[in-house]
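Numbering (my numbering), first residue to last: 147 to 438.
Calculated directly from the structure, the hints in this document are not laboratory data.
Just so it is clear, the structure is predicted and the values come from calculations on it, not from any experiment.
Where is the CB? At the ideal position from N, CA and C, for every residue including glycine.
Don't take every hint at face value.
Calculated pairs, DSS-like style, for lysine-lysine (alpha carbon to alpha carbon, straight line, at most 25 angstroms) [unchecked claim]:
#	residue 1	residue 2
1	Lys384	Lys252
2	Lys387	Lys375
3	Lys164	Lys303
4	Lys303	Lys252
5	Lys387	Lys252
6	Lys303	Lys167
Simulated restraints on C-beta separations [said to hold, decoys possible]:
#	residue 1	residue 2	range
7	Leu266	Asn297	36 to 44 angstroms
8	Pro383	Ala203	28 to 36 angstroms
9	Ile262	Arg298	22 to 30 angstroms
10	Pro383	Asp362	26 to 34 angstroms
11	Glu170	Ser403	40 to 48 angstroms
12	Gly363	Asp178	33 to 41 angstroms
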Amino acid sequence: MPSREIALLTNPMSGKGKGAKIRERAVARLRDGGLTVRDLQGRDADEALDLAHQCVADGVDALVVCGGDGMVHLAVQAVATTGTPLGIIPAGTGNDVARYFDLPRKDPDAAVDRVITADLPRTVDLARSGSRYFVTVLAAGFDAVVNERANRMTWPKGQMRYNIATLAELRVFQPRPYTLRLDDRDLSVEAMLVAVGNGASYGGGLRITEGAVLDDGLLDVVIIKRISKPDLVRTYPKLFKGTHIHHPQYEHHLVRSVTVAAPGVVSYADGERFGALPLTVECVPGALTVLT
Numbered sequence: 147m148p149s150r151e152i153a154l155l156t157n158p159m160s161g162k163g164k165g166a167k168i169r170e171r172a173v174a175r176l177r178d179g180g181l182t183v184r185d186l187q188g189r190d191a192d193e194a195l196d197l198a199h200q201c202v203a204d205g206v207d208a209l210v211v212c213g214g215d216g217m218v219h220l221a222v223q224a225v226a227t228t229g230t231p232l233g234i235i236p237a238g239t240g241n242d243v244a245r246y247f248d249l250p251r252k253d254p255d256a257a258v259d260r261v262i263t264a265d266l267p268r269t270v271d272l273a274r275s276g277s278r279y280f281v282t283v284l285a286a287g288f289d290a291v292v293n294e295r296a297n298r299m300t301w302p303k304g305q306m307r308y309n310i311a312t313l314a315e316l317r318v319f320q321p322r323p324y325t326l327r328l329d330d331r332d333l334s335v336e337a338m339l340v341a342v343g344n345g346a347s348y349g350g351g352l353r354i355t356e357g358a359v360l361d362d363g364l365l366d367v368v369i370i371k372r373i374s375k376p377d378l379v380r381t382y383p384k385l386f387k388g389t390h391i392h393h394p395q396y397e398h399h400l401v402r403s404v405t406v407a408a409p410g411v412v413s414y415a416d417g418e419r420f421g422a423l424p425l426t427v428e429c430v431p432g433a434l435t436v437l438t
């Protein structure tokens with residue numbers, strides 16, 4: 147019986163360089179487990195995506211990524227709707243996609259073993275805007291504006307940059323007027339943020355779209371309407387448990403398609419810069435197969 151062939155695509159900078167260290171152990175362990183491994187590493191995101199597309203076109207048995215949610219996002223662009231399974235060896239900071247599938251996030255060897263022994267892949271939905279897919283959540287409000295500010299900063303590095311960007315944005319942020327098309331219904335609302343979830347969490351476990359199901363054929367649209375800045379700060383910790391859903395300014399809608407429009411917002415999805423609003427996002431049922 148021929149060996150299964152997988153492509154292992156690594157982001158060496160994931161988790162402050164953790165990706166490169168995990169990759170070395172992963173390649174050896176995968177081969178010891180009987181797999182034929184194409185060990186790939188792009189010089190940049192464009193080359194990495196080209197490599198991913200080529201592997202899928204060549205008919206590898208799975209595309210496995212060693213990295214964080216950004217690397218998963220890249221790989222999904224190549225495997226979406228193809229039936230080629232995606233394997234994940236978490237090596238990032240947030241690792242929300244790995245969290246969705248209960249994959250080991252702190253034990254790389256155990257994550258590699260899941261790839262080796264996986265015999266019942268799980269098929270889930272993806273969200274799509276234009277030709278681009280995402281797995282987790284589209285951030286389209288205060289959270290996205292903070293990301294945009296942080297990405298313009300050159301100092302400090304790491305999480306502290308986002309903390310400073312959050313504090314800076316809190317001083318000047320104002321609720322945006324949003325216009326949403328929820329399937330065939332229009333809604334206008336002034337809000338702090340709008341999030342479109344395929345999955346339940348983003349940002350390392352912030353359960354903004356609490357209750358989202360990966361294979362229900364629906365998107366979860368969460369709206370946090372106008373609240374005071376102190377109230378926004380108090381609400382933030384509740385996102386880790388999903389208890390923000392009890393806030394009186396919280397709204398939740400289940401849709402197959404949503405158009406989100408608001409001035410001055412560049413959205414983020416899977417932690418990656420996604421695009422300026424307005425955007426239309428639709429659910430693509432059964433578009434992704436994951437080795438679990």
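Hint check results:
The hinted pair formed by Lys384 and Lys252 meets the criterion: a straight-line CA distance of about 24 angstroms does not exceed 25 angstroms. The hinted pair formed by Lys387 and Lys375 meets the criterion: a straight-line CA distance of about 20 angstroms does not exceed 25 angstroms. Our distance criterion of 25 angstroms between C-alpha atoms is met by Lys164 and Lys303, whose separation comes to about 16 angstroms. Taken as a hint, the Lys303 and Lys252 pair is honoured in the structure, with Cα atoms around 22 angstroms apart against an allowance of 25 angstroms.
For the given pair, Lys387 sits about 20 angstroms from Lys252 by alpha-carbon distance, which is consistent with the 25 angstroms threshold. Our distance criterion of 25 angstroms between C-alpha atoms is met by Lys303 and Lys167, whose separation comes to about 21 angstroms. Checked against the hint of 36 to 44 angstroms, the C-beta distance between Leu266 and Asn297 comes to roughly 39 angstroms, which is consistent with it. One distance hint, 28 to 36 angstroms for the beta-carbon pair Pro383 and Ala203, is violated here, with the actual separation near 45 angstroms.
Checking the proposed 22 to 30 angstroms range against Ile262 and Arg298 shows it is violated: the Cβ atoms sit about 42 angstroms from each other. Between Pro383 and Asp362 the Cβ separation comes to about 28 angstroms, which falls inside the hinted range of 26 to 34 angstroms. Between Glu170 and Ser403 the C-beta distance comes to about 43 angstroms, which sits within the given range of 40 to 48 angstroms. Distance hint for Gly363 and Asp178: a CB-CB separation of about 40 angstroms, consistent with the stated range 33 to 41 angstroms.
Checked against the numbered hints above, the structure violates hints 8, 9; every other hint is satisfied.
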